[in-house]
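Keeping their order, the protein sequence lines are chains A and Y.
Mapping the first sequence onto my numbering, position 117 (from 1) lands on 117, and the numbers just tick up by one.
Mapping the second sequence onto my numbering, position 102 (from 1) lands on 102, and the numbers just tick up by one.
Please note that a few of the clues may not be correct.
[What the hints assert, rightly or not] Some chain A residues flagged as far from chain Y (calculated, every beta-carbon gap over 12 Å): (1) Ile60; (2) Glu82; (3) Glu83; (4) Glu84; (5) Gly103; (6) Ala106; (7) Leu172; (8) Lys222; (9) Gly224; (10) Lys231; (11) Glu242; (12) Phe248; (13) Glu250; (14) Lys276; (15) Arg277.
[What the hints assert, rightly or not] When the alpha-carbon atoms are kept at most 35 Å apart in a straight line, the in silico DSBU-like pairs for lysine-lysine are as follows: (16) A:Lys199 x Y:Lys64; (17) Y:Lys35 x A:Lys243; (18) A:Lys256 x A:Lys199.
None of these hints come from the bench; they were simulated from the model.
This structure is a prediction, so every number in the text was calculated from the model and none was measured.
Glycine is no exception: its CB is placed at the ideal position from the N, C-alpha and C atoms.
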Amino acid sequence: MSSFLGEKYSRYWQDFEVYGEATEIYHFSFISMEFRLINDGWRNAYENMAVDEAILMNNIPTLRLYKWKPSAISIGYFQSMEEEINLEECKRQGVDVVRRITGGGAVYHDSDGEITYSVICPQEMLPRKIMDIYSLICSSLAQGLAYIGLNARHEGINDIVVNGKKISGSALTKKYGNVLQHGTLLLKVDVKKMFSLLKVGKEKISDKEIRSVEERVTSVEKEGGVMDEGKVKEALIKGFEEKMGLKFYEGELTEKEREDAEKLREKYESREWNFKR
Amino acid sequence: MKAENGILKGELKVRGGKLIKCRMRVRGSVIEEIKFSGDFFMYPEEKIEELEEILKGVEFKEEKIRGMVIPFFDNTELIGESPEDFVTVVSITIKNLKKGEKV
């Protein structure tokens, strides 16, 4: 499916009953599908989560592409830091840890091994049902990945798979009248390192278990996709343009968003937030 | 809830792979404090804190728990798990008490 609307009108997504594969209806409205593109580079874990929430608070439809430095682990809103993460090892390896405002599982964000995206916009620009939002955004990303030579598709709740292996995971929340979906695209994957940082129930991980995860998880590198970061980002953007009919303009955070992010950073750095469950 | 003596733990892997964990402190036959954790999805997320609050002081019988938990989820969207899964994980945790498996 590709976008076919003229410049004057934009597509407006609405929810509907889903029978099998997600369907969508179009109706013409004056709601703009213009999105700000923030090509954000590296930030630390606390800033990254603060910036996502600051944008979520401020109603500007945005696609943000970013990375993490130092490498970090983010845990889902409902997870327990102590139960999920080998904190000593993270400290030893200089890996930050942060709780997200979104649910889901723990994710290792390697500073050079992945690109993170966040899609943030008013709820009325997206389907109302959460599963339909996942479907729309994940299938846009999957479509974009074709441009770097990958045959990807949306699978399960919120995974993107290539050759049956997971290459991207995501999570979303609805707050302040807006939706935030953020997720990762694995460029390279080091399962051994990932396991050293996460608690997986055993002191020592066997080679067999590492192989088992390697059989389920893949990366752009492993699948022989184009590794150039600029080209990967372009591909993701094209996916959103084609599938959702978005039009992008390059932009930065507003002053208000910067101020909000600065305040929110304190929350994400706090023990109270990170160790709340 | 800090991990200390008298804290019960239980967990449930739901169909589709999400994990719901439960930690609970009990006094007599009632729940004194309860926390859920895991890689699940619930919208709005903060409702989990409300659920933990309303279960405080509830007698730990499965039907009592179910009577609190099921109606609670009327206004809450779950993806990947069901209200009944929360009842089940509480029941599993309570069974650990009956088996004397205090952590």
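Query - Exclusion check [Phe248 of chain A not at the chain Y interface, CB over 12 Å] - result: 28 Å, holds
Query - Glu83 of chain A non-interfacial with respect to chain Y [C-beta, more than 12 Å] - result: 6 Å, violated
Query - Straight-line alpha-carbon gap Lys199 of chain A to Lys64 of chain Y, limit 35 Å - result: Satisfied, since the Cα-Cα distance of roughly 34 Å is no more than 35 Å.
Query raised in the report: Would you say Arg277 of chain A is clear of chain Y, with no C-beta pair closer than or equal to 12 Å?
Result: Check fails; 5 Å does not lie beyond 12 Å.
Query raised in the report: Taking 12 Å as the cut and beta carbons as the points, is Glu82 of chain A off the interface with chain Y?
Result: 8 Å, violated
Query raised in the report: Is it the case that Glu250 of chain A keeps its Cβ farther than 12 Å from each residue Cβ in chain Y?
Result: 31 Å, holds
Query raised in the report: Against chain Y, does Lys276 of chain A keep a CB gap of more than 12 Å to every residue?
Result: About 9 Å separates Lys276 of chain A from the closest Cβ of chain Y, which leaves it inside 12 Å; violated.
Query - Non-interface claim for Lys231 of chain A versus chain Y (Cβ beyond 12 Å) - result: 32 Å, holds
Report task. Would you assess whether Lys222 of chain A, listed as outside the interface, keeps its beta-carbon beyond 12 Å of every beta-carbon in chain Y? Result -> Consistent with the label, Lys222 of chain A stays out of reach of chain Y, its closest Cβ about 22 Å off (over 12 Å).
**Report entry** Agreement of Lys256 of chain A and Lys199 of chain A with the hint, judged by alpha carbon distance not exceeding 35 Å
**Finding:** 38 Å, violated
Query - Non-interface claim for Gly103 of chain A, where every Cβ of chain Y lies beyond 12 Å - result: 4 Å, violated
Requested in this report: Quick one: work out the minimum CB distance from Ala106 of chain A to chain Y and report holds if it exceeds 12 Å, violated otherwise.
Outcome: 7 Å, violated
Going through the hint list in order, the structure does not satisfy hints 2, 3, 4, 5, 6, 7, 14, 15, 17 and 18.
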